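These are the residues of each chain, in order.
Number of protein chains: 2
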Amino acid sequence: MIGRTSKCESKNIFLHAHHSLTDNFKMTVEKNIHDKLGIITFDQILSMKTDSVIALAHPNIAFIKYWGNRDEALRLPANGSLSMNLGALSTTTSVEFRSDLKQDDLIIDNVNAPPAALQRVSSFLDILRERAQKQHLKAIVISENNFPMGAGIASSASAFAALAASASRALGLELDEGELSRLARRGSGSACRSIPAGFVEWQMGRADEDSYAHSIAPAEHWDLVDLIAIVNDTHKEVGSSAGHALAGSSPLQASRVADCPRRMQLCRQAILKKDFSTFAEIVELDSHLMHAVMMTSSPALLYWEPATIAILKKIRDARLQGLQACCTVDAGPNVHVLCLAQDANQVERLLQTIPDVATIYRSPAGGGVQVLA
Amino acid sequence: MIGRTSKCESKNIFLHAHHSLTDNFKMTVEKNIHDKLGIITFDQILSMKTDSVIALAHPNIAFIKYWGNRDEALRLPANGSLSMNLGALSTTTSVEFRSDLKQDDLIIDNVNAPPAALQRVSSFLDILRERAQKQHLKAIVISENNFPMGAGIASSASAFAALAASASRALGLELDEGELSRLARRGSGSACRSIPAGFVEWQMGRADEDSYAHSIAPAEHWDLVDLIAIVNDTHKEVGSSAGHALAGSSPLQASRVADCPRRMQLCRQAILKKDFSTFAEIVELDSHLMHAVMMTSSPALLYWEPATIAILKKIRDARLQGLQACCTVDAGPNVHVLCLAQDANQVERLLQTIPDVATIYRSPAGGGVQVLA
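Line by line, the protein sequences are chains A and B.
All the letters of the first sequence, read from the start, carry residue numbers 1 to 373 under the numbering used here.
All the letters of the second sequence, read from the start, carry residue numbers 1 to 373 under the numbering used here.
Treat the hints as calculated values from the structure; they're not laboratory data.
Every value quoted in this text rests on a predicted model; they were computed, and no experiment measured them.
The beta-carbon is built from N, C-alpha and C at its ideal position, and this holds for glycine as well.
You may find that some hints are simply not true.
[To be verified] Partial list, computed: chain B residues near chain A (C-beta under 8 angstroms):
1. Ser249
2. Pro251
3. Leu252
4. Ala254
5. Leu272
6. Asp275
7. Leu285
8. Met295
9. Thr296
10. Leu302
11. Pro306
12. Ala307
13. Ile309
14. Ala310
15. Leu312
16. Lys313
[To be verified] FRET-style restraints, in silico, Cβ to Cβ:
17. B:Arg262 x A:Gln346: 46 to 52 angstroms
18. A:Gly239 x B:Gly178: 48 to 54 angstroms
19. A:Gly248 x B:Thr278: 20 to 26 angstroms
20. A:Leu173 x B:Pro261: 49 to 55 angstroms
This is chain A alone, in the form it adopts within the complex:
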């Protein structure tokens, strides 16, 4: 379900967004609009008529992982996946299309984005501009995360979900949830899962038309908590976009993919029934399957750090002792420890005893993308 806070009639979009936005984000927009257009204060911005739209989306944590594409350009995945939106973390993105700009501009967390990031966003916006027949417009995109990008929490899912929602609305396109999810997928595969709310399934589909995500249960369905243990890492492996392209080089990817419908079914049912034991087993298996493929691709991708193993073993041992907690690891060394809300303090204390756990973020399930104004 997409939050449908409507864009204000006057197009004075910041007015309606005023109460939803953090002061920090207002300052970011103010500074950057000033840099681009010479406007000085937020109040001056408020008095402008613009076509800007602001949207907010959460990152998501996959229980059944997406790894590898059967079509790289369209980001059609090798297998279906299942995830939960992380309500406590979010990306807020403002998009304004203008006819007086020579090229797109992209500011992320108050800094001009590097050329590669701008190129990726421009290519994504091209899809929308073509669809809206507004190829002459260029965009100012201002995006901000409420979590540090360098900390190793993937921000591309929430970023492209928020961008898909804000940019499509700014161009006057009226897309339903499925269309928005398909669109977000083109920017970053897992972004399609940040469009619907709560617990989300991305059906791999047969083609672009039917490869999108839908909610299988709202955020309130199950009081799962994700404790994200950020570990000190010294090595940087390749990013997940480049990594996806290597999946097929592993002798194990075909088996991981072939077994996926079974895991999807088990995981979906475990979520619907709130069966934590089954959930824990299948989530850890699926995470290990993805890292098995990663570490056996050419070149090998070894995302785990020593602290990753320490956490995996500590949580497994605690589960054998009766604690309801399990782990999943994305394309990085950080460990997402999943547990019920009632056990979250206990699990967090356990994680704090592990050396090299630098920070722990906590998030319950969250809603879908919202157009704020």
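Following the hints, complete the assembly by docking chain B onto the known chain A.
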């Protein structure tokens, strides 16, 4: 090639063995024979006429791993494997069959072996007794390793290779290398690879008759060194015998096995051509493939410890910088770092910089099993 130091005519076997044996082993034999038979000194033992035979075998490190059986009872492997004997490490085993004993006795490193180990050895000896038609004899088996058993270096390969050679000779069976290798396989799969010398291939075969190992190159062929980094580990996973039985529960085992002939071919050629770069890539891939299967079996086997990852990454990074070294990990957390003799000191210094590396053993390639006396 089996060392064929012949058993002395007088059956006074310790006399000929005298110079080959360590003082420690002599004391072990003396003490244990005393405990069993009331004989007091080594000189008294030397004056006895016995049917004892002593054999020595080295453990081996697999470059292409053995994991999973297609026949558990016969230990017919799911796939072929390739290894190198570790000349610096050895197990020395004395076997004497007697008609005046009620049951087999097993002393390992000067301690009575636990019942499970004795049972495994007795079952193995039963195969030989039946073959020799000497079911009425029971054995005193005294075995000693020149490396600590608790350190995590698998001793079952050298143990069953030495036992196969000594026990078969003691029963008067004249087995050629292939027959001895087949026999050792029944005690511990990888033991069949400790029978031939140097660089060894275990052909999976079609049945018991043709599933044995042969040398593809003598120890002198290539001056490879194995630096075994023993890491401090607090967790104990299941032993490899139990682990083999779990291999089939991983969705990845079939793919690992199916791809094995390709890896065998690449690794065999790399050894024969002394092509370290190809060797390094295929050895690390094969190790990762085995651990991929382990960690995705039910229950999951996570043999790696934090230090394991630290070593894997340190060596990979060094190789990217030009150092010729690579890693392989058996069913435990220790890392076998393979390099050329000329680089061994440099690699050892690198390993010493890693916290939680407790001890480093060094071994060149070694010969096959030897009957010492």
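For this session: Grab the minimum C-beta distance from Leu312 of chain B to chain A and call the hint holds if it beats 8 angstroms, violated otherwise.
Result: holds (6 angstroms)
Problem set entry | Hint check: 8 angstroms Cβ-Cβ cutoff, Ala254 of chain B to chain A | holds (6 angstroms)
Exercise. For the hint on Pro251 of chain B, does the least C-beta distance to chain A fall short of 8 angstroms?
Worked result: For Pro251 of chain B, the interface hint holds, since the closest Cβ of chain A sits about 4 angstroms away, which is under 8 angstroms.
For this session: Grab the minimum C-beta distance from Pro306 of chain B to chain A and call the hint holds if it beats 8 angstroms, violated otherwise.
Result: holds (3 angstroms)
Exercise. Was the hint right that Ile309 of chain B lines chain A, CB cutoff 8 angstroms?
Worked result: holds (5 angstroms)
Exercise. Does the nearest C-beta of chain A fall within a distance shorter than 8 angstroms of the C-beta of Thr296 of chain B?
Worked result: holds (5 angstroms)
Exercise. Is the shortest C-beta separation between Lys313 of chain B and chain A less than 8 angstroms?
Worked result: This hint holds: Lys313 of chain B lies near chain A, its Cβ roughly 6 angstroms from the closest one there, short of 8 angstroms.
Problem set entry | Distance restraint hint 48 to 54 angstroms, applied to the beta-carbon atoms of Gly239 of chain A and Gly178 of chain B | holds (51 angstroms)
Exercise. Under the criterion of a CB-CB separation shorter than 8 angstroms, is Leu272 of chain B in contact with chain A as hinted?
Worked result: Leu272 of chain B check fails; min Cβ-Cβ to chain A is 22 angstroms, beyond 8 angstroms.
Exercise. Hint check: is the beta carbon of Ala310 of chain B less than 8 angstroms from a beta carbon of chain A?
Worked result: holds (5 angstroms)
For this session: Go through the hint on Asp275 of chain B and say holds or violated, using the shortest Cβ distance to chain A against 8 angstroms.
Result: violated (17 angstroms)
Problem set entry | Satisfaction of the hinted span 46 to 52 angstroms by the C-beta atoms belonging to Arg262 of chain B and Gln346 of chain A | Check passed, 48 angstroms falls within 46 to 52 angstroms.
Checked against the numbered hints above, the structure violates hints 1, 5 and 6; every other hint is satisfied.
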